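Enquirer: Residue numbers (the working numbering), protein chains in the order written: chain A, 1 to 192; chain B, 1 to 228.
These are calculated hints, taken from the structure and not from any lab test. Watch out, some of these pointers could steer you wrong.
Claimed, not checked - Stretch by stretch, here's where chain B covers chain A in the computed footprint (C-beta under 8 Å, at least three residues): (1) 16-23; (2) 68-82; (3) 87-99; (4) 135-144.
What the hints assert, rightly or not - Computed footprint of chain B on chain A, listed as stretches where at least three residues anywhere in the stretch have a Cβ under 8 Å from a Cβ of chain B: (5) 102-114; (6) 176-184.
The structure presented is a predicted model; accordingly, all values stated were derived computationally and were not measured. Each residue gets a CB set at the ideal place from its N, CA and C atoms; glycine is no exception.
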Amino acid sequence: MRRLFKTFIFGIVLGAFGAGALVYFVPAVDLHRERSLISVQPNGGNLEKFRINLPRDRILVGLPGVDDSIPAGLDWPGAEFLGDMQAEVFKVRDENSAVVGVASRLASSSEETGPFIEWVVHLPARGTMYVQMELTPAADGVRNGVLRSGTREFEPLHGNVREQFVLAAEDDDVQGRIVLETALVGTLGDEE
Amino acid sequence: MKYLYSLAIGILVGAVLFVLGLYYNPFSAQTAVSPLAVTTDQVIDLSFSGVPNEGILYTDHGESVVSPYPDRVSELWEPAVVKTSVWVTEFQVGRGEATGIGVKFITESEKTRLINGEALANSVWHVYLPGQGTFLVDQTENYWSYIREVVIPARVSSGDNWLGAFHGVMTNGPGSLGTGRVTGGSGKFTNLESEAVESLSARGYSSVTGPVSMTRNLTIALSSAKAE
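Bound-form chain A, shown alone (with noise of 0.2 Å):
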C-alpha cells in the first residue's frame, strides 16, 4: 500500500513537471511564414515588392461620400465628421502572391491638419511600417514616399516607399494592383 501511495506521489510530481515543461517549451503561437522575397540593391539595402489585388484585397473602404463605402452595411461616418478623409484597409500580398499581411492607407487633402497620404503595412510575423507618402505622384505615376517608423524587424530600417498603382492585363482576374515596393537599409549600414 506505501509503495502504491509513493507510486501516485512520484505521478504527481511527473505531471506537475511534465505540465510546466509543455507549457514552457512548446511554443502557445506559432505564427505562419511566408518566405520573404526580398534582393539586395547594388548600393546597399534590401529591396521587397507587396501588392494588393484589386478589388478582391479590399477589407475596407471609406470615402466622404458614405454611399461608396465598402463592406456593404458599413456604417461609416461620412464628410461631415472626417471631411474628405479616405480610409482604406487591404489584404497585402508578396510578389509569388501570397497573403502576408493587411495594411491601412488614410488620405487627406484638410488644411487643418496639412494635407498627408500614410500608409501602416502589418505584417504579422515581421512587424508593422508606418510610411508617409508625398502628395504628389512623379511623372510615370509612381508615389514616393518614405518609412516614418518600424515595429519589430522594421524598427532598425530606415529608407524609401514607392506606390503605384498598376492596370490589371485583360486576361487578369482582378482590375488593378497597388504596388509598393520599399527599398529599406539598416542603421548599422550607415554606422560603417
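Following the hints, put chain B in place on chain A, whose structure we already have.
Expert: Below, chain B alone, put in the same frame as chain A:
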C-alpha cells in the same frame, strides 16, 4: 498493473494541479493603474466601445467567438494573417463626443508565455483625429488577466456568460514602464515621439458572442512638443 493506474492518476492530478497553479498564480496579476496616470504631460484620452459590432468594422479568421462585422466583410483566413484581427472604430472624448477614427491591427505574439502569465499580442493603431492630425501607436498587449478573470469564468459558467467589473491596463510594452510607443504623422502630431496606454473595462461577456458590455481607452501623452 495497479502501480501503473496509480502512476497515471498521479500524472493527471499533477497536471491538473499545475494548471490550477498557473490559473490562480497571484504573481501574474496585471496593474489596473495606467503608468500615465501620474504624468504631468498633457494627455488625450480616446474611448471606444470594446464590443466589435458597436464599432465600424471588425474582422478576423471568422471562426472565433466574435463574429466579423458588418456581415459581408472579408475574413482573414489566409495562413499568414489567420492570427490577426482588424478593428476600425470611432473614438470619443468627454461625454461621448466623436473625435476621430482608428484602425487597429492585432496579432497574437510568439512571445506569449502562459507560465509567466503572459498572453501577448502585438498591435498597432493608425489614428486620425480631424482637425488635429494622424499618428501611429505600436504596443505589446497582455490579455492574460482579461482571459483569466473574464473569458474563462464566462466559459465555465452554466449560463455561458460573465457579469462583473473588470478593469485592466492591456499595454505592457515596448516602453520600459509598460507603455506603448507613439509616432506622430501629420498636423499637430508631426514629429511627435511619445507614449500611450490602452486599458479595458468590462461589465459583461458571453462565451457565445464575445464582449457584451465593454469600454476601452487609448491614452496618449503629448510629452514631446512638435520638434521641427
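Enquirer: Examine the segment 102-114 of chain A for residues whose CB is less than 8 Å from any CB of chain B, and state whether their number is three or more.
Expert: holds (count 8)
Enquirer: If you look at each residue in the segment 176-184 of chain A, do at least three have a Cβ nearer than 8 Å to any Cβ of chain B?
Expert: violated (count 0)
Enquirer: Closer than 8 Å, Cβ to Cβ, for at least three residues: run that test on the segment 68-82 of chain A against chain B and report holds or violated.
Expert: holds (count 9)
Enquirer: Per the coverage rule (Cβ-Cβ under 8 Å, at least three residues), is the segment 135-144 of chain A covered by chain B?
Expert: Result for this restraint: violated, n = 0.
Enquirer: For the segment 16-23 of chain A, does the count of residues with a C-beta closer than 8 Å to a C-beta of chain B reach 3?
Expert: As far as the segment 16-23 of chain A goes, the hint holds, because 6 residues have Cβ atoms under 8 Å from chain B.
Enquirer: Closer than 8 Å, Cβ to Cβ, for at least three residues: run that test on the segment 87-99 of chain A against chain B and report holds or violated.
Expert: With 5 residues close enough to chain B, the hint holds.
The structure fails to meet hints 4, 6 from the earlier list, while all remaining hints are met.
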